[in-house]
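J.: Protein chains in written order, with the working numbering: chain Z, 1 to 268; chain G, 269 to 545.
Check before you lean on any hint, since a few could be wrong.
To be verified - Simulated restraints, written as ranges between beta carbons of each label pair:
{"no.": "1", "chain 1": "G", "residue 1": "Val427", "chain 2": "Z", "residue 2": "Gly65", "range": "48 to 56 Å"}
{"no.": "2", "chain 1": "G", "residue 1": "Pro383", "chain 2": "Z", "residue 2": "Ile31", "range": "16 to 24 Å"}
{"no.": "3", "chain 1": "G", "residue 1": "Ile464", "chain 2": "Z", "residue 2": "Thr258", "range": "35 to 43 Å"}
{"no.": "4", "chain 1": "Z", "residue 1": "Gln162", "chain 2": "G", "residue 2": "Ala523", "range": "39 to 47 Å"}
{"no.": "5", "chain 1": "Z", "residue 1": "Thr258", "chain 2": "G", "residue 2": "Val427", "range": "13 to 21 Å"}
{"no.": "6", "chain 1": "G", "residue 1": "Arg518", "chain 2": "Z", "residue 2": "Arg256", "range": "23 to 31 Å"}
Note that these hints are calculated values from the structure, not bench results.
Backbone N, C-alpha and C fix where the C-beta goes; we use that ideal spot for every residue, glycine too.
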Amino acid sequence: MSLIESLPRPRSVRLPRADGLIQWVVPLFMIAIWQLACVTGLVPARVLPAPSDVLLAAWKLLISGELVRNICVSFWRASSGFLIGGGIGFAFGLANGLSQLSSNLTDTTLQMVRNVPHLALIPLVILWFGIDESAKLFLVALGVFFPIYLNTLHGIRTVDPQLIEMGRIYGMSDGELFRRVILPGALPSIFVGIRFALGIMWLTLIVAETIAASSGLGYMAMQAREFMLIDIVVLSILIYALLGKLADSASRVLERLTLAWHPAFQQH
Amino acid sequence: MLATLQLLAEPVDRTDVAEETPLPHRADAGRGRSLPLIIRGLRKSFGDHEVLRGIDVHVPAGQFVAIVGRSGCGKSTLLRLIAGLEKIDAGSISFGEETRLEDVRVMFQEPRLLPWARVLSNVEVGLGRSRNLPDADARAEAALSEVGLADKRNQWPAVLSGGQKQRVALARALVSNPRILAFDEPLGALDALTRISMQRLLERVWRDEGFTAILVTHDVSEAVALADRVLVIEDGRISQDIEVDVPRPRQRGSADFAALEGSILRHLLGADERGDS
Ligand SMILES: Nc1ncnc2c1ncn2[C@@H]1O[C@H](COP(=O)(O)OP(=O)(O)OP(=O)(O)O)[C@@H](O)[C@H]1O
Ligand SMILES: [Mg+2]
Numbered sequence: 001m002s003l004i005e006s007l008p009r010p011r012s013v014r015l016p017r018a019d020g021l022i023q024w025v026v027p028l029f030m031i032a033i034w035q036l037a038c039v040t041g042l043v044p045a046r047v048l049p050a051p052s053d054v055l056l057a058a059w060k061l062l063i064s065g066e067l068v069r070n071i072c073v074s075f076w077r078a079s080s081g082f083l084i085g086g087g088i089g090f091a092f093g094l095a096n097g098l099s100q101l102s103s104n105l106t107d108t109t110l111q112m113v114r115n116v117p118h119l120a121l122i123p124l125v126i127l128w129f130g131i132d133e134s135a136k137l138f139l140v141a142l143g144v145f146f147p148i149y150l151n152t153l154h155g156i157r158t159v160d161p162q163l164i165e166m167g168r169i170y171g172m173s174d175g176e177l178f179r180r181v182i183l184p185g186a187l188p189s190i191f192v193g194i195r196f197a198l199g200i201m202w203l204t205l206i207v208a209e210t211i212a213a214s215s216g217l218g219y220m221a222m223q224a225r226e227f228m229l230i231d232i233v234v235l236s237i238l239i240y241a242l243l244g245k246l247a248d249s250a251s252r253v254l255e256r257l258t259l260a261w262h263p264a265f266q267q268h
Numbered sequence: 269m270l271a272t273l274q275l276l277a278e279p280v281d282r283t284d285v286a287e288e289t290p291l292p293h294r295a296d297a298g299r300g301r302s303l304p305l306i307i308r309g310l311r312k313s314f315g316d317h318e319v320l321r322g323i324d325v326h327v328p329a330g331q332f333v334a335i336v337g338r339s340g341c342g343k344s345t346l347l348r349l350i351a352g353l354e355k356i357d358a359g360s361i362s363f364g365e366e367t368r369l370e371d372v373r374v375m376f377q378e379p380r381l382l383p384w385a386r387v388l389s390n391v392e393v394g395l396g397r398s399r400n401l402p403d404a405d406a407r408a409e410a411a412l413s414e415v416g417l418a419d420k421r422n423q424w425p426a427v428l429s430g431g432q433k434q435r436v437a438l439a440r441a442l443v444s445n446p447r448i449l450a451f452d453e454p455l456g457a458l459d460a461l462t463r464i465s466m467q468r469l470l471e472r473v474w475r476d477e478g479f480t481a482i483l484v485t486h487d488v489s490e491a492v493a494l495a496d497r498v499l500v501i502e503d504g505r506i507s508q509d510i511e512v513d514v515p516r517p518r519q520r521g522s523a524d525f526a527a528l529e530g531s532i533l534r535h536l537l538g539a540d541e542r543g544d545s
């Protein structure tokens with residue numbers, strides 16, 4: 001996930017709405033090939049179950065209620081961890097972007113902590129929290145904190161100083177200046193942070209649930225591995241992919257709504 | 269010749285050419301509200317570089333003054349001091365009476381519009397503290413009509429042309445009925461044709477609104493065409509103070525203009541040569 005990728009795409013590259021179906025052609029084609037390869041025995045079922053088997057497994061788990069429960073648990077962990085870490089990151093980004101004192105006080109420390117890969121803390125976190133919910137929340141929140149913090153800070157620091165001067169000349173109060181100039185100016189960068197953070201959120205959750213959990217999608221996959229239920233393993237991976245895609249789409253919709261003024265999002 | 273070729277090559281945006289039909293006067297725009305500008309012994313340095321070394325000038329209320337000078341001579345600095353954006357080192361700037369923030373407005377070379385606000389809200393920014401009053405919309409719309417952009421009120425700034433953006437910035441500066449309006453090369457980035465139509469627009473709003481206008485420009489012919497008086501800044505002082513005694517409406521390209529323009533240019537170039545030697 002590169003920075004360039006997550007920036008708003010220029011107008012000329014954007015797909016018109018009518019071509020929206022085209023993006024599904026390749027995935028559907030690949031699934032068809034996959035099914036064919038399994039049915040003909042080209043790929044043994046021990047290695048990769050057929051898509052139809054995965055669907056069947058999904059159906060069974062759906063009926064037993066296990067699937068929904070695990071998805072809900074994972075979703076809850078992801079979103080609350082995201083809100084906590086993202087909220088704190090946003091708050092620090094705002095504070096350090098707006099106040100030199102706050103920046104002097106905390107920025108260097110945060111930049112140092114940033115260099116510790118948060119997944120390296122897993123053993124420590126397990127020692128602290130066990131395999132409790134708080135362990136997962138802590139890891140997700142920590143992972144999400146930095147992209148949001150850094151991009152909020154960057155967004156605020158790069159707001160056009162000429163616009164800020166304009167706001168002051170026209171008598172905007174500090175609050176108004178923030179609401180009408182600084183925050184909207186920082187928003188594109190904040191969205192870059194959010195999309196980065198969403199990626200990290202899922203990654204952290206998968207790792208945490210695989211290593212230390214007693215429920216959730218990652219746990220479901222690990223259980224299935226113990227019993228050699230490869231269809232459920234594949235199913236969990238696919239659901240993770242789907243949830244990731246869903247989160248990304250949600251952030252895109254939000255982006256489109258709030259950045260309607262941006263040349264890259266203007267409809268004609 | 270070159271300018272003509274460029275004009276032919278680039279499609280001309282018709283809406284950039286402001287229509288000449290006189291608009292009804294805005295009810296609250298009054299003559300006689302304009303303020304004089306009195307500058308005495310004004311000095312300003314940045315570090316040990318003294319940019320302004322004693323500016324003395326009296327601009328009567330309602331006058332249109334142009335300020336010309338070589339690049340880096342301190343024109344923008346003077347304007348920023350007038351607008352209260354920089355601190356005065358020595359001397360004084362006064363407007364003859366107490367002013368509110370809304371009485372003195374500046375327009376810059378860049379339009380400085382908020383990209384995330386529609387045209388009308390951008391104009392409302394110019395109302396200052398009264399932008400929350402119920403008549404804000406109506407006043408902003410009146411100002412937009414004045415610059416001929418009433419039909420663009422719901423557009424995003426990103427879709428406007430350079431000249432249109434500058435006109436929105438002008439509407440924003442006008443909406444609070446300023447009593448002094450200072451321009452820092454507001455037309456510097458526009459193409460030749462748009463520039464001329466913007467100059468006419470500036471002259472018209474100045475006539476209609478009756479504010480005191482202070483125009484900083486690189487373009488001596490623009491200064492001569494628009495102003496009652498041209499000030500030349502040199503070595504941090506006003507080295508020349510020239511009355512432009514040509515009745516309005518003025519005919520561009522007349523012999524009077526050419527002579528005046530020539531003499532100011534010679535003076536500026538002379539200063540250049542003296543500065544080089
Ligand atoms: N904030 C500042 N800090 C330091 N030096 C400055 C600052 N603002 C202006 N100067 C200096 O003051 C001098 C005058 O600058 P100013 O912008 O007023 O020139 P100008 O006459 O407007 O030039 P131009 O026609 O190119 O716009 C320049 O030498 C510039 O480097
Ligand atoms: Mg300048």
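J.: Which earlier hints can't be squared with this structure?
T.: Violated: hints 2 and 6.
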